[in-house]
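K.L.:
One letter stands for each residue in the lines below.
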Amino acid sequence: MELAYTVDQQAFRQEVRSWMQANVPAKPLQSFDTAEGFQQHREWEKTMNDGRWGMVTWPEEFGGRGLDLIQWLIFEEEYYRASAPTRVNQNGIFLLAPTLMEYGSDEQKARILPKMATGEEVWAQGWSEPNAGSDMAAIRSSAELRGDEYIINGQKTWSTRAVFADWLFGMFRTDPGSKRHHGLTFILVPLNAEGITVRPIPQLDGLPGFAEIFFDNVKVSINNRLGGEGEGWKVAMATAGFERGLMLRSPARFQETARRLVDLYRANQESADQDPAIREAVLSAYVQAEAYTLTTYQTASRLNQGGKIGPESSTNKVFWSELDQMMHSTAMAILGARAELLPHAPAAQGVGHWLDGFLFAQSGPIYAGTNEIQRNIIAERMLGMPRA
Amino acid sequence: MELAYTVDQQAFRQEVRSWMQANVPAKPLQSFDTAEGFQQHREWEKTMNDGRWGMVTWPEEFGGRGLDLIQWLIFEEEYYRASAPTRVNQNGIFLLAPTLMEYGSDEQKARILPKMATGEEVWAQGWSEPNAGSDMAAIRSSAELRGDEYIINGQKTWSTRAVFADWLFGMFRTDPGSKRHHGLTFILVPLNAEGITVRPIPQLDGLPGFAEIFFDNVKVSINNRLGGEGEGWKVAMATAGFERGLMLRSPARFQETARRLVDLYRANQESADQDPAIREAVLSAYVQAEAYTLTTYQTASRLNQGGKIGPESSTNKVFWSELDQMMHSTAMAILGARAELLPHAPAAQGVGHWLDGFLFAQSGPIYAGTNEIQRNIIAERMLGMPRA
Amino acid sequence: MNFTFNEDQLMFRDSVRDFFSNEVTTESIRNRWDSDSGRDRALWTSMAELGLTGLLVPENCGGLGLGVVDFIMLAEECGRVALPEPLVDTVLLATPVLVAAGADAQLLQSIAAGETVCAVQSQADALVADADFADKLIVHKAGNLVLLDAESARFQRQDSVDPSRRLFSVEWADDEGQVLAEGDLSAELTASLYNLGALGTSAQLLGLAQRMLDLSVAYTSERQQFGKPIGSFQAVKHHLANVAIKTEFAKAPVYRAAYSVAEALSDVDLHVSQARLSAGEAAILAAKSGIQVHGAMGYTWEMDLHLFMKRAWALNNAWGTPGAHKARLADTILSADYTIGAGHTFASASDAA
Amino acid sequence: MNFTFNEDQLMFRDSVRDFFSNEVTTESIRNRWDSDSGRDRALWTSMAELGLTGLLVPENCGGLGLGVVDFIMLAEECGRVALPEPLVDTVLLATPVLVAAGADAQLLQSIAAGETVCAVQSQADALVADADFADKLIVHKAGNLVLLDAESARFQRQDSVDPSRRLFSVEWADDEGQVLAEGDLSAELTASLYNLGALGTSAQLLGLAQRMLDLSVAYTSERQQFGKPIGSFQAVKHHLANVAIKTEFAKAPVYRAAYSVAEALSDVDLHVSQARLSAGEAAILAAKSGIQVHGAMGYTWEMDLHLFMKRAWALNNAWGTPGAHKARLADTILSADYTIGAGHTFASASDAA
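First to last, the protein sequences are chains A, B, C and D.
Mapping to our numbering: the first sequence position 259 is 259, numbers consecutive.
Mapping to our numbering: the second sequence position 247 is 247, numbers consecutive.
Mapping to our numbering: the third sequence position 54 is 54, numbers consecutive.
Mapping to our numbering: the fourth sequence position 126 is 126, numbers consecutive.
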């Protein structure tokens, strides 16, 4: 056990920090759930890629730096420390890319990853269907192989980023007689294909953060299949693990929220201390954000030594999502009557971003498998308790 | 709505208060889970009955005063205020007696209630069986009617007070071919009957607060059947309602615990305030104890006007048991390193009773139907949610 | 001692519930979002015709001459439908204060008639809800309680997360407005207003909690996953059972607080703060559990749940934050002079009787 | 940066776990309750033979010369079996302090040989665990750290809820005992001892949490109700999933605190308090959820669960209450001089390196 950074790691941190200082836009970008904001975020991805910072763990041939997970964590710390924009292509770089690395052909990697890195192609995810929310095995959308094309029909929903994105990845039922998690295939679909209709779904803040997608005889080349036909479940499970696990929710995000929460508390301590639950929550936020960080470094160290990610991806997901919700609720409590004000309200006096974060935090315990599903997984797969 | 006591009610309170001041033993009795303590508590019941305070809501003919539920609440307030002993016969007076009033014959009432009132006959309950804890419908102990006697075989467990009690009430399967809640009969069994073996079960504090009871061809007169044969479930459900509901856990108990907790907090405020969760819990304890009291007065007012108790008995049970657990955990937190000391430890300096209360509070969310079962009942019967 | 509502009160509650369920649908609320005022004047007139606006106006001024206890369940109904119009502010907050300040009969008559809508500023917070829809504003200046014509004030809109809320910062010239009360009377009425505001907020939070619970039960009983309604899963059941428990045990404190306000009991501050904390916790839990059991649907603009969640989030910090009410409660119960415990719950009521 | 244990450490942990699972059964613990000393001297000798008692004793004094990080998982194992003997106190608390105070080699040798058992008094609390079983006591008097022969002290037994705990108040004559440290050194070693005590407590709480979780999983997987194992009910699953989550996220903080103690980092107080809070919460939740899912069985003396629950309740207030650790943590992170946030977690380690 050695919990100090090496000289190289410290130098790397300095390099990231300098680049971020020089390049992170001074003014926050607009929300990427608006057309203008989406474009701004796409440009930011290009800027990042120009500096070869798009995804530092990727091999150099795809625009990465071939770095390890500890370096990735350092990168993320500096990224959040610099208040850099949220990654508009996170579906691509954090979810699809690791799956591609594992299941994609060389041709697919070469075709997809570089454009993902530049932000030229932004990815949406197509997991859920109207009757298959947290129950992914209930998927009904079909893909029928005719010659070297799949003909896709059906409907996806809760597809994040789909309103402005270029591509979608998801599972489709290729064996019409199959049930549950059999007979599914993982397919990549260009969102500008004929027969696709995207219906935006406005979310709590009124912006279309996700969409329903209707497929009417959409033709997709067989080259866009990831893994073998009928192997969709296996491929998707890898992605689900990434999503819940290490990559998507780096500790830096929650540490920065905890830091801002501590600052907010200190700035309003007199009124905040009227409610002892606030101080309790603030201290707990720090302790939990640190615990999440330490645990992630532990996992990253283990993975660096060749370990595999296990059911802890479910404990991670429950932990960070409920921590995030708790921290933002606490900020609302500290802000008191100001908490309800939208960021542009003059009386919000610059604290309105907490409300945005609070609304966003409500989605954490729900998406990527509700926390109820995650707790089932923890009980059954990690603790070995009997299934219902 | 009139939330002031009448002059009569205030006079009644004074009467109770005076009697308690004159009669409550100055020195706390020993635990009724010891032989000596049980005898002391039995004598206290006799003293109470001599003053006609055994159960003020009972009709005068059985030793009561025919008072209403508001007066009962006032009585309880004064009882707890005086730190009077816990009622050793609570299984009898709070659970069996209301059932007897509803389902018992005149002969049964006359035979049973007066001796219950004097403490001459103390009652144990026989609900659970080894494989029928919270699932009462899984009862297997049998009672076969031969002539005018039931022949009882089988086993009961978690029978509170059974180690020193005189009688037991419970359900037995009288129809051997029946399933679940059919074919059960409610029978009263003298614990000195031939064929009964009582095996004490030591609880968390080491004392035998409950027992297993083995029945080997135990003969019980048909006169000890409550309700008709096969009506056991219906009769028992009335009792279960009482148990979870209004009668057994009068608000006064929790108000006095909240009061003592506030006192404990004030006496140790400097160290307690190191942990903001403590102040939060202390304030919440007061608010919740008041809410429980107010809600009980509301229910009592409704019942006085002829209303019936409904699924709120389940909300009550969850509420008071978790409140009681929270209050005692908070006291432990305030006591810090002293919390673990048994009452007789010299360094406990008179605060050891909190530990006793803490251990006892652990049973609240478990007995009389676990709080998980209660939450199912709330969801299904009160909210009408679909069964599993 | 009788902790029940009478038949008249229950019937009035039922008729208002019926009225609201027809007239204040979620669709009608969504329609208001796009309108300039965000409010429905015709609805106000209908409420006046039902006697609602004049409920606390003395009979000799054209009102029903009823009291706070008579209105409390109606305030709860306002919460249940997330009523955008400031009925609670006009009836429960403004009217008693105007009466106590000796406002002229004409004003009270016009409130009862539904011609005058009131908005009220809390001493705890500068922004005024519904200032632009109101005709009269009760505001604070230099320790005085001031009655202001809406026309004579300047408003700046302050958008809330709840699109039905219309919040404004308000400015007015020093020579505008009529001093309603000054000195001790102002202090007394300001304190009274704070309790009325917190009580009205409590009742609305209670109604909101129940509505979110109802919506969640209905949704989870219908919505199928894994081949059965998600409401049949124990985790979902227990989430909503917890909401039911918190809500059940918030009712009596709110009704008791109404009684204490009505009777001006010495413990009124304590009772109002208890009610406010209990109702706020119920509503906040109902929102949190509600969105969770709705899953992704709960996160959408299209599902009605958010109308009630957002109102709950907003109201939970209105008329005193939970912290402010905890502090007030602590000041009393931790004081060496104050006795708590068995038998003391109704002490101030019984002493006053 | 490498947050893993090495092969040697993992193997040592495994062998100690095997040893304990044979030698420290719950039956053997129950047997101790009725014995005079409540302790097993033969077990102590076996532990010495395994190298455990001398783990932190320098090699030139017959020990293994290992460090705090090497011992931390073993302390966790002590918690997992609710070991009654004061191995953690002797190895993790007494040894480093004796070494730092320049105690004579003979004493250290005799600790390594299993001939001397140590008991340690916390500056936060007067009672001393295992004072009667110990040969040597480290106690506090008038700002000095004092080494006392057990024979020269008078003990008064103070019964704990945990029948395996042996707590005593200790008195001794002024002329007894050897001053180990005075002045600044005493203050420094007392502070160090407090961190060592809190760290050892954290590790044991972590082990206790895991053991209670294991017992609860095993029980609910077997126990049938309503025709199936109760562990198949979602409510039971979610109770235990919550314990698993809290326990998983308490591990790394405890291991990191061990590292910070070993390296004497400037942030050691903060790190120890974090670990103590995380581990304590995990153990307390494991107890609460454990008894709940065990139902009435969990409330019995006969079921083993209470051995671990009671130890957890006791240890959660030992070597500083959660409140004391929260206060210490707050002093640091709320100070204007201290920086938190992304990138700062390992700052003091990296600065020291």
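Worth flagging that the hints you see were computed from the coordinates, not collected in a lab.
By construction, the Cβ of each residue, glycine as well, lies at the ideal position given by its N, Cα and C atoms.
Some hints here could point you the wrong way.
Claimed, not checked - A few chain B positions that, by computed beta-carbon distances, are all more than 10 Å from chain A:
| hint | residue |
| --- | --- |
| 1 | TRP19 |
| 2 | ARG42 |
| 3 | GLU60 |
| 4 | SER83 |
| 5 | THR86 |
| 6 | THR118 |
| 7 | ARG180 |
| 8 | PRO276 |
| 9 | ALA277 |
| 10 | GLY310 |
| 11 | GLY384 |
What the hints assert, rightly or not - With a cut-off of at most 27 Å between alpha-carbon atoms, the simulated DSS-like pairs for lysine-lysine come out as follows:
| hint | chain 1 | residue 1 | chain 2 | residue 2 |
| --- | --- | --- | --- | --- |
| 12 | B | LYS234 | D | LYS228 |
| 13 | B | LYS179 | D | LYS228 |
| 14 | A | LYS308 | A | LYS219 |
| 15 | A | LYS234 | C | LYS288 |
| 16 | D | LYS288 | C | LYS228 |
| 17 | A | LYS46 | A | LYS109 |
K.L.:
Would you mind marking each hint as holding or not holding in the structure?
P.N.:
Against the structure, the hints come out as follows:
1. TRP19: holds (41 Å)
2. ARG42: Per Cβ check, ARG42(B) is outside 10 Å of chain A; nearest 45 Å; holds.
3. GLU60: For GLU60(B), whose nearest Cβ neighbour in chain A is about 50 Å away, the distance exceeds 10 Å, so it holds.
4. SER83: holds (30 Å)
5. THR86: holds (32 Å)
6. THR118: Non-interface label stands for THR118(B): nearest chain A Cβ at 49 Å, farther than 10 Å.
7. ARG180: holds (20 Å)
8. PRO276: violated (4 Å)
9. ALA277: Nearest chain A Cβ is 5 Å from ALA277(B), so the label is violated.
10. GLY310: holds (29 Å)
11. GLY384: Fine: 21 Å to the nearest Cβ keeps GLY384(B) off the interface.
12. LYS234(B) with LYS228(D): holds (25 Å)
13. LYS179(B) with LYS228(D): holds (16 Å)
14. LYS308(A) with LYS219(A): Violated: LYS308(A) and LYS219(A) sit about 36 Å apart, past 27 Å.
15. LYS234(A) with LYS288(C): violated (33 Å)
16. LYS288(D) with LYS228(C): violated (32 Å)
17. LYS46(A) with LYS109(A): Between LYS46(A) and LYS109(A) the Cα gap is close to 19 Å, so the pair holds against 27 Å.
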